[in-house]
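Given only the sequences and the hints, what does the whole structure look like? Please build it.
So the chains spell out like this:
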Amino acid sequence: MSEAPAVPLPASAESVRPGSLDLLVVPPSARTGWRLLPARVAALCAVELQKLRHDRTELYTRAIQPALWLLIFGETFTRIHAIPTGGIPYIDYLAPGIIAQSAMFIAIFYGIMIIWERDAGILTKLLVTPTPRSALITGKAFAAGVKALIQAVVVVVIAALLGVAMTWNPLRLLGVAVAVVLGSAFFSCLSMTIAGIVLTRDRLMGIGQAITMPLFFGSNALYPVAVMPGWLQAVSLVNPLSYQVDALRGLLLGTPAHLPLDYGVLTVAAALGVWSASSLLGRLAR
Amino acid sequence: MRRRGGTRPESAGQDRLGPGPESAGQAEPGPGPESAGQAEPGPDTPVRGDGPADAVSCAGLVYAFGETTAVDGLDLAVRDGEVFGLLGPNGAGKTTALRCITTLLPVPAGRVSVFGHDATRERMAVRRLLGYVPQQLSADSGLTGRENVTLFARVFDVSRRERAARVAQALDAVGLGDVADRLAKTYSGGMVRRLELAQALVSAPRLLILDEPTIGLDPIARTSVWEHINAVRAATGMTVLVTTHYMDEADQYCDRVALMHRGRVRALGTPRELRDGLAARRGNSGEGEPPTLEDVFRDVAGSGLDDRSGDFSDVRSTRRTASRVG
Ligand SMILES: Nc1ncnc2c1ncn2[C@@H]1O[C@H](COP(=O)(O)OP(=O)(O)O)[C@@H](O)[C@H]1O
Ligand SMILES: [Mg+2]
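From first to last, the protein sequence lines are chains H and W.
Per my numbering, the first sequence runs over residues 118 to 403.
Per my numbering, the second sequence runs over residues 113 to 438.
One or more of the hints may lead you astray.
[Said to hold, decoys possible] Calculated Cβ distances over 10 Å to all of chain H for the following chain W residues:
| hint | residue |
| --- | --- |
| 1 | Asp252 |
| 2 | Gly381 |
| 3 | Thr382 |
[Said to hold, decoys possible] Cβ pair distances, simulated, as ranges:
| hint | chain 1 | residue 1 | chain 2 | residue 2 | range |
| --- | --- | --- | --- | --- | --- |
| 4 | H | Leu376 | W | Glu179 | 53 to 59 Å |
| 5 | W | Thr382 | H | Ala147 | 51 to 57 Å |
| 6 | H | Leu290 | W | Asn342 | 52 to 58 Å |
Simulated from the structure, these hints should not be mistaken for laboratory data.
Every value quoted in this text rests on a predicted model; they were computed, and no experiment measured them.
We put the CB at the ideal spot given by N, CA and C, even for glycine.
Listed below in structure tokens is the structure:
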């Protein structure tokens, strides 16, 4: 039980003289209503940016895979002309798909982080703050979006260096940012939902690896939906990644796209994701 | 069902239990939906009309993890402004009880309230009154000390105008002002504990809940953590509810303690009252060593003390915490 001897603890070298604590006796006035959600989202996004600022290794290591996709797969298939891209070089066609893919990988990994945060007690402590669970999940989802967005900038720069001709129209780039954030919000919520079901990191890791490839290949990231077999077209139809890639391609390359549908699907998917992940978050708190 | 191994009658040492619960065992409806717009009564409105509410009041609290009844009819009343120690061996149910009080776990049976606010129906109001430091070291190692505290200032709605000053005061209060801009992963175990204290203090809680704040720390770091707790409490007048299995600490630093064993409070009072009570029962007030709190605990827990205290998972998580502390 108590391993320590029952003698008084030693006095510390310096005695404790806290300075003025006048602010620490006044509770802050509570935000209520609609202003609570944006405040929590901003707080959690700020933390994500701070972490990225302290440790950029992940940013660099995660840039390797998309760079290889563009460099090897993109350059090769540009030469073979095997995939009907509607007249644009294949590497150009591929670039938006790879942006979406790298954002999705980050988002799926984000759900694994929430289990780590649970095990470390970080999540526990956040759950004891005046933050409704839906606000916590929305904050985490947008934080994943912020992280994915910064990753997307890296991939865009790599693509530009490889000679991909993309738009620099600020309005279109803003649209790209929104699509990346919405898509990441959905995939991180998908991952946090699975986390709420399986509860352990190992199982989530396995499931995450098992679903990322089908989501990637069952989308229009590498090839147009028209060349897919019927069953894969059906997968692509319910795969939010396809809508994200469609929007990115339309905005970055000017190919024909269905922007209202794309944004509609991404928004609804993200909202459903927030709802399902927040209703399962309680299981992670037990 | 658990075996009941204690040989002593239930009433041993319980004579000083505070005013009895009005509705022990009364089942509460399930957790209500949490919405951002939920009405929050002011922190100073007690629900009951009879005088100021206790900081924490638990009545007939029961919580079971499947077959394991972790908390088995807990009655507890923590008074406003005191340092209250919840003592017991590993597995006594201390953490589970705290997690019910902090709204992390639902309250399946019994009633829990914090300053008069019901822990299941008024979760947001309860959380605004709490500062909570869980048993694990829970500061984010990828952020600096200041960033760790700032996050909690933000999620407790500290205004932007006041934020930097408040965060600085909280860090100074725990003696981390000079290292505030270092990453938390470079902190020692005792420093992480003090950082967590700052995280909990930045929202000016009326009730500070500390779960094993000194577990795994060396004696110097333990003293330092306690001195900071005491200094802050003296300056702010907040109520402190702390769990520990170090009986010597409780004896030294707590105004009142409850000895918990197998999910229930077995004895309650000031450390001195409990020690004197045992001395009187033994009738050896004249000669021999005066009893320690640990002796009191052995006395009220009876013979069943050693067989269930600290099962494997408890030991493992304690070790994990200890190894993170370094
Ligand atoms: N998440 C959990 N799932 C299953 N059993 C648990 C869980 N948490 C605690 N327990 C069990 O409940 C009992 C009380 O645990 P706990 O409240 O952590 O005790 P203490 O904090 O006093 O060491 C122990 O037997 C422990 O094994
Ligand atoms: Mg415990």
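Right, here's what the structure says about each hint:
At the 10 Å boundary, the C-beta of Asp252 (chain W) falls inside the reach of chain H, the nearest C-beta of that chain being 6 Å off. Every C-beta of chain H lies more than 10 Å from that of Gly381 (chain W), the closest at about 18 Å, which supports listing it as non-interface. With a cut of 10 Å on Cβ distances, Thr382 (chain W) stays outside the contact zone with chain H, its closest approach being about 17 Å. Under the hint 53 to 59 Å, the C-beta atoms of Leu376 (chain H) and Glu179 (chain W), about 55 Å apart, fit the expected range.
Here the CB-CB span from Thr382 (chain W) to Ala147 (chain H) is close to 36 Å, at odds with the stated 51 to 57 Å. Remark: the range hint 52 to 58 Å for Leu290 (chain H) to Asn342 (chain W) is upheld by a beta-carbon distance near 55 Å.
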